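Chains as they are written, first to last, in the numbering used here: chain A, 254 to 369; chain D, 254 to 369; chain R, 254 to 369; chain S, 254 to 369.
No lab work stands behind these hints: they were computed from the structure.
From a predicted model like this one, the values you see are computed outputs, not experimental measurements.
Think of the CB as a built atom: it goes at the ideal place given N, C-alpha and C, for glycine as much as any other residue.
A portion of the hints provided could be inaccurate.
[As the list claims (entries may be wrong)] DSS-like, lysine-lysine: derived pairs with alpha carbons at most 25 Å apart:
1. D/Lys357 x R/Lys322
2. S/Lys322 x A/Lys322
3. A/Lys322 x R/Lys322
4. R/Lys322 x S/Lys291
5. S/Lys283 x R/Lys322
6. D/Lys357 x A/Lys322
7. R/Lys322 x S/Lys357
8. R/Lys357 x D/Lys357
9. A/Lys357 x S/Lys357
10. A/Lys322 x S/Lys357
11. S/Lys322 x A/Lys357
12. R/Lys322 x R/Lys283
13. S/Lys283 x A/Lys357
14. R/Lys357 x S/Lys322
15. D/Lys357 x R/Lys283
16. D/Lys322 x A/Lys322
17. D/Lys322 x A/Lys357
[Claimed, not checked] Beyond 10 Å from chain A on every Cβ pair, some chain S residues (computed):
18. Ala284
19. Arg288
20. Arg292
21. Gly299
22. Arg302
23. Asp306
24. Thr315
[What the hints assert, rightly or not] Just a few of them, taken from the derived set where beta-carbon distance is under 10 Å, the chain D residues facing chain R:
25. Gln325
26. Asn330
27. Glu333
28. Gly334
29. Ala337
30. Val340
31. Ala341
32. Thr345
33. Lys357
34. Ser360
35. Val363
36. Ala364
37. Arg368
4 protein chains.
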Amino acid sequence: MANEPTDTAEPTEGSPAHDGHDHYWYHGDKAAITRRLKRIEGQIRGIQRMVDDDQYCIDILTQISASTKGLQAVALNLLEGHLAHCVAEAQTSGDPTAAEAKVKEASDAVARLLRT
Amino acid sequence: MANEPTDTAEPTEGSPAHDGHDHYWYHGDKAAITRRLKRIEGQIRGIQRMVDDDQYCIDILTQISASTKGLQAVALNLLEGHLAHCVAEAQTSGDPTAAEAKVKEASDAVARLLRT
Amino acid sequence: MANEPTDTAEPTEGSPAHDGHDHYWYHGDKAAITRRLKRIEGQIRGIQRMVDDDQYCIDILTQISASTKGLQAVALNLLEGHLAHCVAEAQTSGDPTAAEAKVKEASDAVARLLRT
Amino acid sequence: MANEPTDTAEPTEGSPAHDGHDHYWYHGDKAAITRRLKRIEGQIRGIQRMVDDDQYCIDILTQISASTKGLQAVALNLLEGHLAHCVAEAQTSGDPTAAEAKVKEASDAVARLLRT
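Working from the sequences, and respecting the hints, build out all of it.
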């Protein structure tokens, strides 16, 4: 899982998309993440066709498990990059409150993933 | 685990795709299931746009959790119908081997859902 | 969701604890289920020792994952038996309301397992 | 979830338990973590009694879900502390390889939790 930092332009402070987050680390991974999401989108459409064609429920459940697994792989990829970049940046910033908030936020995101 | 696509809208009795399964119970729920899957498909496309727009990882993770939850709701809906129809049919058929196989198959499907 | 403890070893037919459920199917599996639960109990105690000995968090997390997996295996075992016995009994009883209630109950139990 | 760093003795370098990890952050939380694990251990013993007393499978499944949820809460607590201390320490150490390894390790631990 390569989360190599991007070498493309750092967005300027105050740009609309920026809002204080350094969330551009995944620029480099964008193509890969998008490819995976496109594949998952295709799987969801495939599941719709299976339902449409009255296919066997267990086979549909198997496909749903596969799509869920795919989504979790994307989530883990994003989480790893987030820890390596956004959380790391907060932790090296010398602002303990910001660092703590980032860790809490990441840990809450993991809690949401676990609860699904 | 045969997930072979069928291009027939309604396999005739005894057609290879039918293979003895009464998996048409969800005919009545089809519209609802399809609507939910369409919404999930839209969410996945939304996630692609979020990645494209360099949105904040944590927000993307939140959307992934929501899509996963949506997929699990569809899975639970299908499972409930499967137990109420396909498994019930096997259990009232008087063929204990068939009934046992159906229960094992449903329980394996739950195991796959849990492991994702 | 009645979890009332019963202190009788074997409730007599019609005793309040029996309440019409044929939940004795796992009598035969009891030794195996109990052995697994004892092993999990031992793992939990092992985790306590790891915390006590200041062991590395990641190693503790690995043990927690193993215990969770163990609990899910017990749950799947119980679920499979429940479908094969209690749900089947309701479905062959000729009482569609009872059968539907059992399926709903089993499916809700799966939902709770998925959400943990 | 208070993961306040401990002010108790930092273990000396080279102590047998140390092995290069700064995993003592949870010293301060130890009492709370241990209390939770003791409660989970009690729940597991309660489940054994439920099986022993032939209680209803669905009620047992409900208890298993509760124990699993308890274990996940402990895991999230440990993970949060781990990110706030061990991972942060690696990230501020100025050794990018060590930092990357810690992030990968944490993210793999989350993957294991998700897969259970």
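| message | If I take the minimum Cβ distance from S/Gly299 to any residue of chain A, is it greater than 10 Å? | response | holds, 23 Å
| Does D/Arg368 pass the interface check with chain R, least Cβ-Cβ distance below 10 Å? | Constraint on D/Arg368 satisfied, holds at 8 Å.
| Is the Cβ of S/Arg302 more than 10 Å away from each Cβ in chain A? | S/Arg302 is indeed farther than 10 Å from all Cβ atoms of chain A, at 28 Å.
| message | Over 10 Å from every CB of chain A: does S/Arg292 meet that, or does the non-interface label fail? | response | S/Arg292 clear of chain A: closest Cβ-Cβ about 19 Å, beyond 10 Å.
| Would the stated hint for D/Thr345 survive a check requiring a Cβ distance to chain R of less than 10 Å? | holds, 5 Å
| Can the restraint linking R/Lys322 and S/Lys357 be considered satisfied, given a maximum Cα separation of 25 Å? | Since the Cα atoms of R/Lys322 and S/Lys357 sit roughly 22 Å apart, the hinted pair holds (cutoff 25 Å).
| query | If you draw a straight line from the CA of R/Lys357 to the CA of D/Lys357, is it 25 Å or shorter? | reply | holds, 18 Å
| query | Can the restraint linking D/Lys357 and R/Lys322 be considered satisfied, given a maximum Cα separation of 25 Å? | reply | Status holds; Cα separation ~19 Å.
| field | 25 Å limit on alpha-carbon distance, applied to hinted pair R/Lys322 and R/Lys283 | value | holds, 19 Å
| message | Given the hinted pair D/Lys322 and A/Lys322, is their Cα-Cα distance within 25 Å? | response | holds, 12 Å
| Given hint D/Val340 near chain R, where the shortest CB pair must fall under 10 Å | Because about 7 Å separates D/Val340 from the closest Cβ in chain R, which is inside the 10 Å limit, the hint holds.
| query | Hey, S/Lys283 versus R/Lys322, does the alpha-carbon distance stay inside 25 Å? | reply | Distance ~24 Å between S/Lys283 and R/Lys322 Cα, so the pair holds.
Hint violations for this structure: none, all hints satisfied.
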